[in-house]
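Colleague: Okay, here's what each chain looks like letter by letter:
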Amino acid sequence: MFLDDREQVVLEEVRRFLRDEVTPDLVAESLHDELLYGGQLGRKFIRKFAQRGWLVPTWPREYGGLESSQMLAASIKHEMSYARVPMTFPGAFQGGPIIMKYGSEEMKAEFLPRLARGEIEFALGYSEPSAGSDLMNLRMLAEDKGDHFLINGQKTFTTQAHIGDYHWLAARTNPEGRKSERLSLFVVDFKTPGITVRPMITMAGTQTNDVFYDNVKVDRRYLVGEKNNGAQYLMSALEHERTFPYGHYLRFFEELVDYTRSARRNSKPLAGDPLIRQRLAEHATELEVIKHLYYNIAALQDEGRSSVYEASMEKVFLSEFEQRLAATAMEILGHLGQLKGSNTAAPLNGLAEYYYRWTVIETIYGGTSEVQRNIIASRGLQMPRA
Amino acid sequence: MNYQLESAELMLREAAADFLEKKVNGDRIRSLEKSTSGFSRELWEEMAAMGWMGLNVPEAYEGHQAGFMYLVVILEQIGRCGLASPFFHTVALGNELLNAIGSDAQKTAILPRVVRGEAILSVAYAGADEPRSPADLPLEATADGHRYRLKGTCLMVPFAHIADHLICAARIEGQGCGLFLLDPDTPGLAIKALQTSADDRQYELVFDDVVVGEDALLGTAGDSWPVFQRLLLQAAVAKCAELVGGARRALEITVAYSKERVQFGQPIGAFQAVQHHCANMLTYLDTSALITRHVCRKVHAGTANVADMAKCKAWVSDACRKLLLLAHQIYGGMGFMEESDLQIYFRRVKAAEQFCGNASFHREIVARELDL
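Residue numbers (the numbering used here), protein chains in the order written: chain F, 1 to 386; chain C, 1 to 372.
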């Protein structure tokens, strides 16, 4: 880490707070809610956490931040993930920065302080049945009716819809326009009449949602920035925080190593098996590499440099590593690995089998590994478009 | 975390890059590989004139005492141009060993001549395997009054045929490891050329009852293993800088080729299969560069631990090999021809991967550091 003394003190306070406040119940709820903070305990925890400006440390003080370095923000996220609450905040991390850059003063005042205090959460409304990675082709229509927009269509994989307060929504306002001038962004209260949320359950047992809009009227003041500039705002959001913390996998790896030190298979110590030694050492090495990919993004941002392809690289590397780690854990645990945490006989609290299911989802959401590789090739190596 | 070079390091890098770009290209490397000695004295003297031989030599012995970071800045550029030379063993290993345990007389006799480009060093220590303890050393030294008798065969000793001094690690009964400073023409020592995949001039040293005085011992008698082992690990990290340099150049020429080479009416770089190979190559490169930069800074500051260094060589060895394999896949038939520069990097990277222990050697160290 490269923190000045003042920021080092903040990080120490964060560590102390997490030691005191993260309970097994909170960890369980957070896992069940796909690491979001919409649950009862999570909301209580995050409000207390956010009181100190820790949720959005890089934001200006007037909106509730600490005007800190990105390195401190990355360090705090790491501490949270190592404490097993690796929460993601679509509102504070993705919607908030766009509002701050492009939103009206009125919109900033309405949303930014509440996001910073952890009082509200957004759900990302990008994906549709016919527009996943091909986001610019989404179909949800927002007709301009002067003082309001009339919105119709369907979103899918809206993960936070059942626990979030607002829908951070991309919709077409200029259906015939060029791809880059077709979309607008909105902040829509989920309580608005005409919105229906339908649960979708993943193979990890977590919930995401379909969201249907049937003649939903959204006041014009909830249009973000200028009409038809949504695509441009989304592209600029690539420069914001898109880093995925790895502390919870570091923690799991440490527990797996602990387990291996004492476990025996066929009356021989597992730790004596050269294949297992090589595999665990490889994962220790990969975790070291991930640490550098992770903090390098913060270092680049603090130097005012672009970190677009680097963020994609960290996402691919980390999420694909997670799958390898989960597979190694399952292999080391043998058939006990399939036991869920609810069994008393489950080693490592059943995390191995949970991660084995969950990490499949990680290489898909937020842009698949293939889409990330496209970004690495085009933004990192300026390779031509097909 | 700071992954950028500081301004003095950047200046050195620019100077080295300019110099090597003018002096060394694929054609020069191909002709050096085919020459008898595989070595250009003229180039060596020019490198010495640039001050490179004394980067890690104290001022008392005519060096610049600039430190490890400056050395690896040069090594990265050497890796980038693909040159095989005695620079690594002379400076990154030889100078370090002399500094660490040589007597003042030994340093005075050798280091200033190294700095001036007048002396070349090589280091002999490995047999069939990279050693993990003094017991693995293939060379045995037996005390005989005020003399030692050396017996055994060392392998993979680079540029031994033109070395002015050899530093040879031997196990000494009851003491551990001793490092001996030898003239290459000491009676009983035979130097035989090995043919290697990188044509990088490695030799077999056969010691048939070689007798040396006790003053040939580097420093004083006693176990030199802990220092030697640490400097080998440090050399492994330094080698990573060379690997990063070569891998970066390989990626650059491959991506450039993919943008020029047209098939099916478009540059092959527009195909997603090629782009994903390139994205993976950039990932191998960036991860290697980041971990190497980080660990080199720690070595420079004296804060690197064993696990840091072993993880670095474990990662970079594998990542750079995989990068080169992908580069060849993209380059197609043009990549594997002798006149292609890519194949030079392919062979250099493989040799560097194996130097001072490959990835599985270092992963075993990591496993031990995990208390497994």
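Treat the hints as calculated values from the structure; they're not laboratory data.
Some hints here could point you the wrong way.
As the list claims (entries may be wrong) - Some but not every residue of chain F turned toward chain C, in silico, with C-beta under 7 Å: (1) V257; (2) S267; (3) A271; (4) V289; (5) Y295; (6) M313; (7) S369; (8) R373; (9) I376; (10) A377; (11) P384.
Unchecked claim - Pair by pair, the computed Cβ-Cβ distance ranges are: (12) C:K322 to F:L275: 40 to 48 Å; (13) C:V306 to F:G334: 30 to 38 Å; (14) C:T303 to F:D4: 13 to 21 Å; (15) F:E12 to C:S37: 56 to 64 Å; (16) C:S7 to F:S306: 19 to 27 Å; (17) C:Q266 to F:L275: 41 to 49 Å; (18) C:G332 to F:R220: 51 to 59 Å; (19) C:T303 to F:E12: 18 to 26 Å; (20) F:E62 to C:Q266: 44 to 52 Å.
The C-beta atom is built at its ideal place from N, Cα and C for all residues, glycine as well.
Colleague: Against which earlier hints does the structure fall short, listed by number upward?
Modeller: Those not satisfied are hints 2, 7 and 12.
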